[in-house]
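Enquirer: Listed here are the chains, written in short residue letters.
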Amino acid sequence: MAIEWYLIVSALIFSIGAGGVITRRNPLVVLLCLELMLNAANLALIAFSRMHGNGDGQIFAIIVMVVAACEVCIGLGVIVAMYRRRLPIDVDELRELQG
Amino acid sequence: MAEVVFFLAAIGALAGAVGTVAVRNPFYSVLALVMHLLSLALLFLLLRSEFVAAAQVVVYAGAVMVLYMFVVAYVGGTSMPLGPGGTRSMRIGSIVFAGVLFVELAIAILGTGLKALGTEGAPYEPGFGTPARIGELLLTKFLLPFEIASFLLLIAAVGAVTLARRRGGLHDAEEQRITPLDLVRPVSTGTMAEAVGTRTNATTRERTGLEYGGHSGRAGPEDGDDGERTGLEAGVAPGGDTGPEDR
Numbered sequence: 001m002a003i004e005w006y007l008i009v010s011a012l013i014f015s016i017g018a019g020g021v022i023t024r025r026n027p028l029v030v031l032l033c034l035e036l037m038l039n040a041a042n043l044a045l046i047a048f049s050r051m052h053g054n055g056d057g058q059i060f061a062i063i064v065m066v067v068a069a070c071e072v073c074i075g076l077g078v079i080v081a082m083y084r085r086r087l088p089i090d091v092d093e094l095r096e097l098q099g
Numbered sequence: 001m002a003e004v005v006f007f008l009a010a011i012g013a014l015a016g017a018v019g020t021v022a023v024r025n026p027f028y029s030v031l032a033l034v035m036h037l038l039s040l041a042l043l044f045l046l047l048r049s050e051f052v053a054a055a056q057v058v059v060y061a062g063a064v065m066v067l068y069m070f071v072v073a074y075v076g077g078t079s080m081p082l083g084p085g086g087t088r089s090m091r092i093g094s095i096v097f098a099g100v101l102f103v104e105l106a107i108a109i110l111g112t113g114l115k116a117l118g119t120e121g122a123p124y125e126p127g128f129g130t131p132a133r134i135g136e137l138l139l140t141k142f143l144l145p146f147e148i149a150s151f152l153l154l155i156a157a158v159g160a161v162t163l164a165r166r167r168g169g170l171h172d173a174e175e176q177r178i179t180p181l182d183l184v185r186p187v188s189t190g191t192m193a194e195a196v197g198t199r200t201n202a203t204t205r206e207r208t209g210l211e212y213g214g215h216s217g218r219a220g221p222e223d224g225d226d227g228e229r230t231g232l233e234a235g236v237a238p239g240g241d242t243g244p245e246d247r
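From first to last, the protein sequence lines are chains A and B.
Letter by letter, the first sequence follows residues 1 to 99 in our numbering.
Letter by letter, the second sequence follows residues 1 to 247 in our numbering.
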């Protein structure tokens with residue numbers, strides 16, 4: 001398969017993830033949609049790595065996976081802390097940081 | 001053959017992505033994301049990066065998704081409707097936004113003029129994408145990002161433990177501060193008298209000497225075996241530093 005097919009699939013997944021981040025209100029699902037966007041970027045990175053015959057893109061993808069794991073760790077910790085404080089699990093209700 | 005596998009994996013990845021966004025219940029959302037990740041691992045295999053595909057399956061679809069499952073089960077995966085006000089307009093707006101974003105990305109990808117975009121990529125050389133090659137790159141050319149990534153994981157782990165503590169915040173760190181006074185424990189620390197609650201750690205700290213003298217004359221519900229217990233306390237007292245805190 002040509003490389004551009006992979007990039008089109010990557011762009012589609014990224015768009016779906018971005019739409020989900022905007023639409024959904026449950027922070028758990030917002031985190032899942034962020035994972036979608038990061039995975040789309042990973043697919044593009046690996047496609048370019050294959051295109052150039054160079055391993056650098058794969059290293060980049062692995063580092064992206066590490067950062068995604070950290071983001072999940074902190075995000076889920078924040079959600080658990082919200083749950084413990086009886087705050088609503090809803091990104092629209094949490095507006096105390098709004099200017 | 002490669003085309004068939006590619007289209008199957010791509011359809012699986014796209015269906016998983018749509019399911020993640022569209023399904024109401026967060027539990028099924030996580031399951032859809034697992035399917036998406038497995039299909040994506042298949043695409044990685046088609047791109048001849050075996051190590052990243054294996055890491056994707058083991059780390060992402062395995063460990064991270066199990067973490068998600070635990071939190072969804074803990075928070076009680078209630079289905080969150082889109083909410084009153086702007087339900088339909090928000091949904092239509094997000095779909096339009098996603099479409100515009102996709103068109104823009106497609107124009108950016110196909111309009112770059114990269115000549116290798118329409119080809120299968122560079123000729124395959126044996127060893128491309130194997131763990132040996134990845135490990136060599138990580139420990140030579142990309143040593144600094146590797147170390148920074150390990151540091152980032154450490155910081156994230158410490159931060160998650162701090163955030164999800166039982167009291168849920170950074171406020172009451174003062175309560176359990178250990179002072180040099182804690183080295184000098186009262187006589188009854190760590191004995192059964194402390195466990196029963198007749199004397200606590202904080203109240204006996206100042207007046208240990210006073211109360212210890214008048215102990216046998218004090219009225220209490222278990223006054224009969226009081227003399228035996230004071231003897232026991234006196235024997236245990238030197239090793240009392242290892243007693244449990246009253247928290």
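Honestly, the hints are just simulated from the structure, not real lab data.
Keep in mind that a hint or two might mislead.
Covered by chain A, per the in silico footprint, the following chain B stretches (three or more residues, Cβ under 8 Å) [what the hints assert, rightly or not]: (1) 5-18; (2) 43-52; (3) 90-103; (4) 122-131; (5) 140-152.
From a predicted model like this one, the values you see are computed outputs, not experimental measurements.
From the three backbone atoms N, C-alpha and C, an ideal C-beta is built for every residue, glycine too.
Enquirer: Look at each hint and say if it fits the structure.
Expert: Structure-based check of all given hints:
Interface restraint, the region 5-18 of chain B with chain A: holds (6 residues with C-beta to C-beta distance below 8 Å; minimum three). Coverage of the region 43-52 of chain B by chain A holds in this model, with 8 residues showing a Cβ closer than 8 Å to a Cβ of that chain against a need of three. Here the region 90-103 of chain B counts 10 residues with a CB under 8 Å from a CB of chain A, which clears the bar of 3, and the coverage holds. For the region 122-131 of chain B, the proposed coverage by chain A is satisfied: 6 residues have a C-beta within less than 8 Å of a C-beta in that chain, meeting the threshold of three.
A stretch counts as covered by a chain when three or more of its residues have a beta carbon under 8 Å from one of that chain; for the region 140-152 of chain B and chain A the count is 5, and the coverage holds.
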